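Undergrad: Please construct the entire structure, taking both the sequences and the accompanying hints into account.
Chain by chain, the residues run as shown.
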Amino acid sequence: MNEPIIEFKNFTFQYRAQKKPTLVDINLRIFKGEKILIAGPSGSGKSTLSSCLNGLIPFNNPGKIEGELLISGKKPDSVFGLSKIIGTVLQDTDGQFVGLSSGEDIAFLLENLAMPQEEMKERVLNAAGLVGALDYLKHSPQRLSGGQKQRVSMAGVLVDEAPILLFDEPLAALDPLTGKLATALIDDIQKKTGATIIIIEHRLEDVLYRHIDRVILFDNGRIISDSSPDEITVSNQLAAIGIRRPLYINALSKAGVNKSPKDKPGQLETLNLTEEDKAKVRNWVASSPLAPRDDVMREAYPLLQIKNLGFTYPETGLKALENINFSLANGEMTAIVGANGAGKSTLAKLIVGFEKEESGEIFYRGESMEGLTIPERAERIGYVMQNPNQMICKPLIFDEIALGLRVRGIPEPEIKDRVEAVLKVCGLERFIKWPISALSYGQKKRVTIADALVLEPQILILDEPTAGQDYRHYTDIMEFLTSLNRRGVTVLLITHDMHLCLEYAKRALVFGAGQLLLDSPTDEILSDPELALKASLRETSLYELARLCGISDAKTLVRAYLDNKTNL
Amino acid sequence: MVIKMFGYVPRNSPIHRLTGASKLIMTLALSVATMITFDTRFLVFAIIVSLVLFRISKLRLKELKGPLIFILVFLFINNIVIFLFAPEQGVFIYGSRHELFHLSTRYSIIAEQLFYQLNVTLKYFAIVPVALIFFLTTEPSEFASSLNAIRINYKAAYAVSLSLRYIPDVQRAYREISQAQQARGVDISKKAPLRRRLAGVLTILFPLVFSSMDKIEQISNAMELRGFGRLGKRTWYSARRFMKGDYIIIGLSGLAVLISLLTFLVNGGRFYNPF
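In order, the protein sequence lines correspond to chains A and B.
Residue 568, in this note's numbering, is where the first sequence stops; the numbers in between run on with no holes.
Residue 275, in this note's numbering, is where the second sequence stops; the numbers in between run on with no holes.
Derived by calculation from the structure, the hints in this document are not laboratory data.
Only a predicted model underlies this, so the values are computations on that prediction, with no experimental measurement involved.
Hints may be right or wrong, so weigh each one.
Quick list of in silico lysine-lysine cross-link-like pairs, BS3-like style, CA-CA up to 30 Å [as the list claims (entries may be wrong)]:
#1 A:138 <-> B:244
#2 B:62 <-> A:319
#3 B:215 <-> A:349
#4 A:121 <-> B:244
#5 B:233 <-> A:75
#6 A:19 <-> B:215
#7 B:233 <-> A:121
#8 B:190 <-> A:394
#9 B:191 <-> A:356
#10 A:356 <-> B:65
#11 B:65 <-> A:319
#12 B:58 <-> A:319
#13 B:215 <-> A:394
#14 B:233 <-> A:138
#15 A:264 <-> A:280
#16 B:190 <-> A:356
#17 A:349 <-> B:191
#18 B:215 <-> A:64
#19 A:416 <-> B:191
#20 B:190 <-> A:349
#21 A:84 <-> B:215
#22 B:215 <-> A:20
#23 A:84 <-> B:155
#24 A:121 <-> B:155
#25 B:215 <-> A:433
#26 A:74 <-> B:233
TA: Right, dumping it as structure tokens:
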């Protein structure tokens, strides 16, 4: 084989502020034209590795390096020098647009190379053509959909024709359907340009949807495995470090079917299923008792009732919501799904009173909420924003959670009791005297949930509670919400996450273009490609597995899967 | 959701079609021209020119309501302060004293003083429309390239245009955070006493600063990864070539400065004296 284009030799890196190295003794060779997936839980060192590749480490974020890193046979000299060889597509596309129009943004790299305008325009057209972004070169990147933004940011890197492309969690901000398209797009780019591709991602199944040469698994700063997708999907290593195995692999092992790497389990399309395997799956589905449904209570005793709700943005005159009707019973855990801009967040804002409805009414326990102020509504319905850093405003945990009570003039001894009780519920009692800055992202999320809970609301609305979380933290947060739900808190989740819908919410409200398109049990949506498409979700691999095994009603397999839920 | 703010107004007008650089030069030239002279005739002429430009730019008055009110209030205060601290400035300048009313031992309404303050006011009315036209008809990215065109370092120019670009983002974040804090019961409305309102605003600024810091680090990394700052110069994708209109406007701006200088000769100084 030819020379490696990237080579780590006994590479160790330690951040200045850290006591221990974040990357330990890395040995890794990546060859020209390879397509590599680097996976691992949060804090495993995979993002640090990506910063080493594009030069942000050590040039912008210094630390101690041992061993050697060679890129194209040379030691990295600067961020700029590396940017000629490695193009980086960063995770959050919103945070990196600098151009006023998509075309200008794509050209940014060339502008900085002081390329003459004529040549620049031609290169921009080529790059935009490669990713299919020609139609919106003149549009502002901020106004594009999630998938379009991703295309523009990819074109902005491709424009310089770097031989290595580094994708840092490319799927994190995308809904499942768009994520699937993005995976396909990366694959196409590689076929057209022959570039070496490195994808850093923890959503394993979504990346493996297209061919990958090697999967490098990280945990605790070390490489723990370097193998093919076929080997890794059936190994026990994924579960051990908290990475989600593909759903179809989990379903198969629940049904007692265990495949080996030679059956090509890396992709469902290539997986070799024998007739015996299929029969096992069918038997498993047939023998699973189906849990009874409990959607009768909802209409009789609604906790929250939305009637003919409508809203138009005053600034733009755009209709955000139109004639929305549904109700929520006490103790439900329901998901609100739909593409970006479908009206999901607007609905939440109307319920908690941040925006005023244009038409229709919202009832809480049968009484209209019209005339209730935002703080009054907060005592009935708690709202947790997506980004905890946007909510937390006190340096100490106790003060942070006590804030809502203090401004309400509640006596200090009672505040102490209530804050302590909430901290216990949220599993934060150990941290009562801690500064917020010492907490992890997931713990901060819990603090913001505690902020809302301390006012003792009946309903909790959470905006993308698991966004950007790896499987372990995702499970933590969701199990916590389930425990709250069991205590009687009604939970409304605004989300893109298919697994969340499937595993935790029984019911989904699907929004599209300002309308409530569908109100249905989640297992039905996720086992029906057409319904899933409407929700900008996609059918899970369980649907395809059911088809392969000759099960006509995919829903039964999905339900069998959920009822046999053990953490894998 | 778009939050309305003071900024670029896209429209198709001859002024919009001018390059940012020539508009910047025009604004600077007219400012200099009206700054240096107190010749009332020239100032009135400059006001007419800037109103004509405003008309050509197809901007609407309500689009500048915010800054206009701010400037008018400022102008009003400015006038009061001049009167309070230098009630006889006009007498000193024009060398005569025509008293109209007597107010107190220190203060009188004097024709010369009124005339002087009228000139100050006229200056505002001559410069403000031109400056507003520049801001409102220049795309933020051209804004940067036009600063760069008059030899301002492109990094500094880009920093200015980026901060203008991110104002709406910061406003949106402020609004979201303030809503979340209101839900917890923090009152920043006019109903609350001043001290509580200030405390409330602090609970919004804390998360706003921290979440903005994250964003700043992110964008500066993203820019550097795409080679920003690598070379001493850069080119501009959206830069436009100078057209006939640009040369005309720069020529006229030069002429305005020249006329303004001529008034010095005619008046024998900065002031035109009718008394």
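Undergrad: Does the alpha-carbon distance linking residue 84 of chain A and residue 155 of chain B stay inside the 30 Å limit?
TA: OK: residue 84 of chain A and residue 155 of chain B at ~21 Å, within 30 Å.
Undergrad: Is the Cα-Cα distance between residue 416 of chain A and residue 191 of chain B 30 Å or less?
TA: Since the Cα atoms of residue 416 of chain A and residue 191 of chain B sit roughly 28 Å apart, the hinted pair holds (cutoff 30 Å).
Undergrad: Given the proposed pairing of residue 58 of chain B with residue 319 of chain A, does the C-alpha separation stay at or below 30 Å?
TA: Answer holds: residue 58 of chain B to residue 319 of chain A is near 29 Å, not above 30 Å.
Undergrad: Run the distance test for residue 190 of chain B versus residue 394 of chain A: straight-line Cα separation, threshold 30 Å.
TA: holds (23 Å)
Undergrad: Has the given pair, residue 65 of chain B with residue 319 of chain A, been kept, meaning a C-alpha gap of at most 30 Å?
TA: holds (27 Å)
Undergrad: Would the hint linking residue 233 of chain B and residue 121 of chain A be met if the CA-CA limit is 30 Å?
TA: holds (18 Å)
Undergrad: Given the hint that residue 84 of chain A pairs with residue 215 of chain B, test it: the Cα-Cα distance must not exceed 30 Å.
TA: Judged against 30 Å, a Cα distance of about 25 Å means the pair holds.
Undergrad: So if I understand the rule, the pair passes when the alpha-carbon distance is 30 Å or less; does residue 74 of chain A with residue 233 of chain B pass?
TA: holds (27 Å)
Undergrad: Does residue 138 of chain A sit within 30 Å of residue 233 of chain B, going by the straight-line distance between their CA atoms?
TA: holds (25 Å)
Undergrad: Against the 30 Å threshold, does the CA-CA distance of residue 233 of chain B and residue 75 of chain A hold or violate the hint?
TA: holds (27 Å)
Undergrad: Hey, residue 191 of chain B versus residue 356 of chain A, does the alpha-carbon distance stay inside 30 Å?
TA: holds (20 Å)
Undergrad: Is the Cα-Cα distance between residue 190 of chain B and residue 349 of chain A 30 Å or less?
TA: Holds, at about 22 Å.
Comparing the model with each numbered hint stated earlier shows that all of them hold.
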